[in-house]
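Chemist: Here are the chains, one letter per residue:
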Amino acid sequence: DGGITQSPKYLFRKEGQNVTLSCEQNLNHDAMYWYRQDPGQGLRLIYYSQIVNDFQKGDIAEGYSVSREKKESFPLTVTSAQKNPTAFYLCASEAGTSDYNEQFFGPGTRLTVL
Amino acid sequence: EDQVTQSPEALRLQEGESSSLNCSYTVSGLRGLFWYRQDPGKGPEFLFTLYSAGEEKEKERLKATLTKKESFLHITAPKPEDSATYLCAVRLFRGGATNKLIFGTGTLLAVQP
Numbered sequence: 001d002g003g004i005t006q007s008p009k010y011l012f013r014k015e016g017q018n019v020t021l022s023c024e025q026n027l028n029h030d031a032m033y034w035y036r037q038d039p040g041q042g043l044r045l046i047y048y049s050q051i052v053n054d055f056q057k058g059d060i061a062e063g064y065s066v067s068r069e070k071k072e073s074f075p076l077t078v079t080s081a082q083k084n085p086t087a088f089y090l091c092a093s094e095a096g097t098s099d100y101n102e103q104f105f106g107p108g109t110r111l112t113v114l
Numbered sequence: 001e002d003q004v005t006q007s008p009e010a011l012r013l014q015e016g017e018s019s020s021l022n023c024s025y026t027v028s029g030l031r032g033l034f035w036y037r038q039d040p041g042k043g044p045e046f047l048f049t050l051y052s053a054g055e056e057k058e059k060e061r062l063k064a065t066l067t068k069k070e071s072f073l074h075i076t077a078p079k080p081e082d083s084a085t086y087l088c089a090v091r092l093f094r095g096g097a098t099n100k101l102i103f104g105t106g107t108l109l110a111v112q113p
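As given, the protein sequences belong to chains R and U, one line each in that order. According to my numbering, the residues represented by the first sequence are 1 to 114, in order. According to my numbering, the residues represented by the second sequence are 1 to 113, in order.
Calculated directly from the structure, the hints in this document are not laboratory data. Any given hint could be a false lead.
[Claimed, not checked] Only part of the chain U face toward chain R is listed, based on derived beta-carbon distances under 10 Å:
1. Q6
2. P8
3. F34
4. Y36
5. Q38
6. P44
7. E45
8. A89
9. K100
10. I102
11. G104
12. T105
13. G106
14. A110
15. Q112
Computed from a prediction, not measured in an experiment: that's the story for all the values here. Every residue gets a Cβ at the ideal spot worked out from N, C-alpha and C, and that includes glycine.
Throw the hints in and build the complete structure from the sequences for me.
Modeler: What follows is the structure in structure tokens.
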């Protein structure tokens, strides 16, 4: 079955540590996205990539970094510079840059800072 | 400022009691409105895309409609399994540079048997 996988499902980080969240898709989609979800707030865009080896900052990119070396993979690193990283992180992919494409989401990773 | 507002924040219905969820938006250059369903601890599941005022889409007990300023998600004779958070998102046109979506905060629907 085609879809998006995220790992791990739960992640605990000590203050000062960098952690990397995995996102893989086998939908052959060109575009991939990272969102952060906090209680009472809408999904907020962290980074997005419309093509391999290219990515752009979203609305809340500070303290995060990404790479897009393969079409299937878009890992997100939460660095120690991110002051409030505890949240639910969602990865999404989209077939292309047409207005008519919907974004499909992975199951999410819940990150907790200890 | 581009904004998407969903109401109510929470809605409790009895099984079979029909109702509607609202998504209003104040954006320039709308290029589509999307509805998603999200179960606790899971990623959003795509439901509908609407592109132009007057458009309607249906799926089982759900029907989505769109006007120039808002969208409604009508739920007819809901069942307990329809309980979830329903998210609305709008796609903006920004000169073709991005397909950015702006999300509302969602409506938490609880359907009691």
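Chemist: Is the shortest C-beta separation between U:A89 and chain R less than 10 Å?
Modeler: At about 8 Å, which falls below the 10 Å cut-off, the nearest Cβ of chain R leaves the hint on U:A89 intact, so it holds.
Chemist: Given U:Q6 as an interface hint, is its Cβ closer than 10 Å to any Cβ of chain R?
Modeler: Since the shortest Cβ distance to chain R is 9 Å, the answer is holds.
Chemist: Does U:Y36 pass the interface check with chain R, least Cβ-Cβ distance below 10 Å?
Modeler: holds (8 Å)
Chemist: Hold the hint about U:P44 up to the distance rule: shortest CB distance to chain R must be less than 10 Å.
Modeler: Hint holds; U:P44 Cβ to chain R Cβ min 5 Å, cut 10 Å.
Chemist: Double-check U:P8 for me: the hint is only fine if its C-beta lies closer than 10 Å to a C-beta in chain R.
Modeler: Violated, because the Cβ-Cβ distance from U:P8 to chain R comes to roughly 14 Å (cut-off 10 Å).
Chemist: Against chain R, is U:G106 within 10 Å by beta-carbon distance?
Modeler: holds (7 Å)
Chemist: Against chain R, with CB atoms and a cut of 10 Å, does the hint on U:G104 hold up?
Modeler: holds (5 Å)
Chemist: Would you check whether U:A110 satisfies its interface hint, that is, whether its CB is within less than 10 Å of any CB in chain R?
Modeler: With a closest approach of 17 Å, the U:A110 hint is violated.
Chemist: Going by Cβ atoms only, is U:E45 closer than 10 Å to chain R?
Modeler: holds (7 Å)
Chemist: Have a go at the U:T105 hint: is there a Cβ in chain R nearer than 10 Å to its own Cβ?
Modeler: holds (5 Å)
Chemist: Checking hints one by one. Is U:K100 an interface residue toward chain R, by the C-beta closer than 10 Å rule?
Modeler: Constraint on U:K100 satisfied, holds at 6 Å.
Chemist: Is the interface hint for U:F34 satisfied, with its Cβ closer than 10 Å to some Cβ of chain R?
Modeler: holds (6 Å)
Comparing the model with each earlier hint shows violations of hints 2, 14 and 15; every other hint is respected.
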